[in-house]
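Visitor: Each protein sequence line maps, in turn, to chains A and B.
Quick note on numbering: the UniProt record's numbering labels position 46 of the first sequence as 46, and the sequence is numbered without any gaps.
Quick note on numbering: the UniProt record's numbering labels position 405 of the second sequence as 405, and the sequence is numbered without any gaps.
Treat the hints with caution; some may be incorrect.
Note that identical chains are pooled: a pair holds if it fits in a single copy or bridges any two copies.
Calculated pairs, DSS-like style, for lysine-lysine (alpha carbon to alpha carbon, straight line, at most 25 Å) [to be verified]:
1) 237 / 219
2) 109 / 304
3) 109 / 237
Rather than coming from a laboratory, the hints here were simulated on the basis of the structure.
Protein chains: 2
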Amino acid sequence: MNKSLLTLSLIPIASVMHTYGTSHVPDNRPNIILFLVDDMGWQDTSLPFWTQRTMYNERYETPNMEKLAQQGMMFTQAYASSISSPTRCSLMTGCNASRHRVTNWTLRKNTKTDAVSNTLEVPDWNYNGIAQVHGTNNTFIATSFVQLLKDNGYHTIHCGKAHWGAIDTPGESPYHFGFETNIAGHAAGGPATYLSERNYGYDEAGNSTSLFSVPGLEKYWGTGTFMTEALTQEALKALDKAKKYNQPFYLYMSHYAIHVPIDKDVRFYDKYKKKGLSDKEAAYASLIEGMDKSLGDIMDWLEKNGEADNTIVIFMSDNGGYATGSGWRDEPLYTQNFPLKCGKGSAYEGGIREPMIVRWPGTVQPGTRCNDYLIIEDFYPSILEMAGIDDYDVPQEIDGISFVPLLKQTKNHSQGRSLYWNCPNIWGEKGPGIGPSCTIRKDNWKMIYFYETGEKELYDIPNDTEENNNVAALYPQIINKLSKELGKFLRQTNGQRPSFKKTGKPCPWPDEI
Amino acid sequence: MNKSLLTLSLIPIASVMHTYGTSHVPDNRPNIILFLVDDMGWQDTSLPFWTQRTMYNERYETPNMEKLAQQGMMFTQAYASSISSPTRCSLMTGCNASRHRVTNWTLRKNTKTDAVSNTLEVPDWNYNGIAQVHGTNNTFIATSFVQLLKDNGYHTIHCGKAHWGAIDTPGESPYHFGFETNIAGHAAGGPATYLSERNYGYDEAGNSTSLFSVPGLEKYWGTGTFMTEALTQEALKALDKAKKYNQPFYLYMSHYAIHVPIDKDVRFYDKYKKKGLSDKEAAYASLIEGMDKSLGDIMDWLEKNGEADNTIVIFMSDNGGYATGSGWRDEPLYTQNFPLKCGKGSAYEGGIREPMIVRWPGTVQPGTRCNDYLIIEDFYPSILEMAGIDDYDVPQEIDGISFVPLLKQTKNHSQGRSLYWNCPNIWGEKGPGIGPSCTIRKDNWKMIYFYETGEKELYDIPNDTEENNNVAALYPQIINKLSKELGKFLRQTNGQRPSFKKTGKPCPWPDEI
Numbered sequence: 001m002n003k004s005l006l007t008l009s010l011i012p013i014a015s016v017m018h019t020y021g022t023s024h025v026p027d028n029r030p031n032i033i034l035f036l037v038d039d040m041g042w043q044d045t046s047l048p049f050w051t052q053r054t055m056y057n058e059r060y061e062t063p064n065m066e067k068l069a070q071q072g073m074m075f076t077q078a079y080a081s082s083i084s085s086p087t088r089c090s091l092m093t094g095c096n097a098s099r100h101r102v103t104n105w106t107l108r109k110n111t112k113t114d115a116v117s118n119t120l121e122v123p124d125w126n127y128n129g130i131a132q133v134h135g136t137n138n139t140f141i142a143t144s145f146v147q148l149l150k151d152n153g154y155h156t157i158h159c160g161k162a163h164w165g166a167i168d169t170p171g172e173s174p175y176h177f178g179f180e181t182n183i184a185g186h187a188a189g190g191p192a193t194y195l196s197e198r199n200y201g202y203d204e205a206g207n208s209t210s211l212f213s214v215p216g217l218e219k220y221w222g223t224g225t226f227m228t229e230a231l232t233q234e235a236l237k238a239l240d241k242a243k244k245y246n247q248p249f250y251l252y253m254s255h256y257a258i259h260v261p262i263d264k265d266v267r268f269y270d271k272y273k274k275k276g277l278s279d280k281e282a283a284y285a286s287l288i289e290g291m292d293k294s295l296g297d298i299m300d301w302l303e304k305n306g307e308a309d310n311t312i313v314i315f316m317s318d319n320g321g322y323a324t325g326s327g328w329r330d331e332p333l334y335t336q337n338f339p340l341k342c343g344k345g346s347a348y349e350g351g352i353r354e355p356m357i358v359r360w361p362g363t364v365q366p367g368t369r370c371n372d373y374l375i376i377e378d379f380y381p382s383i384l385e386m387a388g389i390d391d392y393d394v395p396q397e398i399d400g401i402s403f404v405p406l407l408k409q410t411k412n413h414s415q416g417r418s419l420y421w422n423c424p425n426i427w428g429e430k431g432p433g434i435g436p437s438c439t440i441r442k443d444n445w446k447m448i449y450f451y452e453t454g455e456k457e458l459y460d461i462p463n464d465t466e467e468n469n470n471v472a473a474l475y476p477q478i479i480n481k482l483s484k485e486l487g488k489f490l491r492q493t494n495g496q497r498p499s500f501k502k503t504g505k506p507c508p509w510p511d512e513i
Numbered sequence: 001m002n003k004s005l006l007t008l009s010l011i012p013i014a015s016v017m018h019t020y021g022t023s024h025v026p027d028n029r030p031n032i033i034l035f036l037v038d039d040m041g042w043q044d045t046s047l048p049f050w051t052q053r054t055m056y057n058e059r060y061e062t063p064n065m066e067k068l069a070q071q072g073m074m075f076t077q078a079y080a081s082s083i084s085s086p087t088r089c090s091l092m093t094g095c096n097a098s099r100h101r102v103t104n105w106t107l108r109k110n111t112k113t114d115a116v117s118n119t120l121e122v123p124d125w126n127y128n129g130i131a132q133v134h135g136t137n138n139t140f141i142a143t144s145f146v147q148l149l150k151d152n153g154y155h156t157i158h159c160g161k162a163h164w165g166a167i168d169t170p171g172e173s174p175y176h177f178g179f180e181t182n183i184a185g186h187a188a189g190g191p192a193t194y195l196s197e198r199n200y201g202y203d204e205a206g207n208s209t210s211l212f213s214v215p216g217l218e219k220y221w222g223t224g225t226f227m228t229e230a231l232t233q234e235a236l237k238a239l240d241k242a243k244k245y246n247q248p249f250y251l252y253m254s255h256y257a258i259h260v261p262i263d264k265d266v267r268f269y270d271k272y273k274k275k276g277l278s279d280k281e282a283a284y285a286s287l288i289e290g291m292d293k294s295l296g297d298i299m300d301w302l303e304k305n306g307e308a309d310n311t312i313v314i315f316m317s318d319n320g321g322y323a324t325g326s327g328w329r330d331e332p333l334y335t336q337n338f339p340l341k342c343g344k345g346s347a348y349e350g351g352i353r354e355p356m357i358v359r360w361p362g363t364v365q366p367g368t369r370c371n372d373y374l375i376i377e378d379f380y381p382s383i384l385e386m387a388g389i390d391d392y393d394v395p396q397e398i399d400g401i402s403f404v405p406l407l408k409q410t411k412n413h414s415q416g417r418s419l420y421w422n423c424p425n426i427w428g429e430k431g432p433g434i435g436p437s438c439t440i441r442k443d444n445w446k447m448i449y450f451y452e453t454g455e456k457e458l459y460d461i462p463n464d465t466e467e468n469n470n471v472a473a474l475y476p477q478i479i480n481k482l483s484k485e486l487g488k489f490l491r492q493t494n495g496q497r498p499s500f501k502k503t504g505k506p507c508p509w510p511d512e513i
């Protein structure tokens, strides 16, 4: 109760006051934009995250990512899960995928999305996703950082892909996680199409033609507006509104791009054809540049509206670039994230290492590069720290660690720290490193353990970014130590593992073999 | 598109499991539906709330209200403010209008809606409405009971009219007050039109033609669906969804009906023409019956879905029936709420006494009638008590008192209690009891004090429901006592009063004259 507030009879309130509780301090908290791209590989940009420029850096044109990097800090070892839902659920909960158990992608209620194996049974994972309330089986209950931002006075905007919970479960709606505005987000993890000519997946009568039809963009149907652009225009309108509210805002700009289907963004397609790319690869490049233009438009909005100095922009992708099929790409399989091995769905670097940039005027030194590692669940405490929220009580245990010290260059929080992945699932496509596995990264070492075969691979990542040299046989003590640590973490977090169909027995933990 | 969709393995899972966290108790909390009608008078129904049947009870047909009353308790002295925003802000905050200061209707930011007076200056009231956060001038900050329901695991649905905050202020959006679904609610307090032929106020290009254009009903444009029906269909879809979430739900079914414009609901219009009503009055009656059908459809949904026994239904209106203009009605002015005097906007009973019914299976004795009084801010603690939420910490001081004891017939909480109204504003229409005033009701007595003239009127309400006999001159001691109590309350709650333009001095409080 706060009666004192009620005695403010004739107070000419200069705007942007933060008067929660008993304090009457101006609200100078930063706006925060998380610009999350879908299925974007580490090399799908003209901005080199590797030590060398690659042919991909030459091919793609992402001038706004370059500009953002000039204004902020690039992270060369930013990790996520190799699949969308695990990453996005870690983002929202602050929990490692081993703990939240949403270890494959979600869509239909009570329906696993795993491919069928003759030998392995996947565990009873949380195929219904995350939710904010109890009441639904196979769901992980958590309070999102977005809810905490909202509860602390942030205006919260969701634009684009959500993909946190199955259809007809509470986790399907961004509104249930603290978002106050939702543009086009729902249960599905990809778009039926980016094309307004196809009404983003709705027929002429306005009926959805697919579970992946993108809702809420009716006004752009038939207008020739590529969906990336439609989302951007809607996001800018939401920012206009946010400015009027005199609240700090959180914009989750979560593009459906560059997830398949790889439709042509005709604004950019011809340019890449002229560069000599195939139809498929030119379309892919056009999807990337359309996304980059959106980033530029948002940065322009910040400048024009006087919010640039007080807005943190975080750029990130949710998993590696698509590298396992010939339907959408012409490049040789598994090479599209070079120098990283394989891509989306793989335990190798191509599946999990992401392009990440953070721009934070006055705090992050422009044009800097951080080679320390971090992982997607770190975003939860980091964003809350950016917003000045350090006192919160949530039902889940937070695994993430704030990377703000890396931004401020006050402390290397990755040194001596272990990162963990757990994927007891069978994703639908095949390729190197795809299949049930768990992984640990500690300092230079990365060990992958494959549940089915019991095989362990060990890589010295900084010196073998390409993961060409498995040195497991050379370092049995390292293997032993990492196996113990990984096994301990998985058990501590109630991680899951597959079992053998033949015997019904669970696959061994990494430290049991 | 995700190819692995083709390889889905189907897992039948029993639903309604609580599998996480520390508690595993079934959630048996009741669903709650607040069915709020706009501008509906006490007599706009076939259900007699007075001791006698009137011609209005004969004229209108509201079979579903009758059914609801058979199943629950009718309240014959349920009060609200005489204008929409004050009532709705009291509902959401639990505060008396004197405290929240949203004492006239809201629409544009920083814009008073008061009529101009040559003699009085209205105070600097909260014309920007209520909000959940600081940052906007002339706004009352509160945490709504809906937010508390949501925070406690209720799924919260808004359908229809909101009208809590001005355009471009945080209070404009139901999502900012804890609603997780919003159908057609925004800043405006009325509809441009109920007609789908006019796209509810949008032109053919989809552009809004009025600040009162009703958003979010695009799919009904041009379909011949009267808006009351469109809202009902959307509400039922939201209930279907709510059932899947396995959460208790709160549905705020807040009809735009029967606010002007009094469009014909052709499903019912002819029937009333055949009864001999004029075009205007037949249209008015059709608006009422369309609203009543919506109530019936929702009650049917409860039955069909097995939720009837566990759902509380509260029927209420937000202020008196429209009685001050000839543009929309043919009845003689000020008579339409007979036996109550005047209507919407007036301090007399016609402005503030509402038709109210509560159906609560197992708790409320069916077919009962409660003659004790209550007021709109009582809904806040009452609904929270119904939901079992008794421990909450909110920034505002709650003036309301739970009416659950009246429902349970365990205690008459109105005996000896005073109800208060404060309206230092000048509503746009003229009529008896309309103008800056404050009012107190205590036991049988009701005293109205008019700020401009200093006049006081006193009525013995149960014995003079029509307010024909002002007995102020006969009971100076009662006047004195009530004036003191009213003045004290207004000052304690930081109430506002108009001032005289000539002198710049405030009008006296009721106990200063």
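Visitor: If a hint holds in the structure, say so; if it does not, say that too.
Guide: Results for each hint:
1. For a Cα distance limit of 25 Å, the shortest separation of residue 237 from residue 219 qualifies both inside one copy, at 14 Å, and across copies, at 22 Å.
2. When the C-alpha separation of residue 109 and residue 304 is checked against a cutoff of 25 Å, the pair qualifies only between copies, where the shortest distance is 23 Å, while the shortest distance within a copy is 44 Å.
3. In this assembly of identical chains, residue 109 and residue 237 lie within 25 Å of each other by CA distance solely across copies; the values are 18 Å between and 33 Å within a copy.
Violated hints for the displayed structure: none, as all numbered hints are satisfied.
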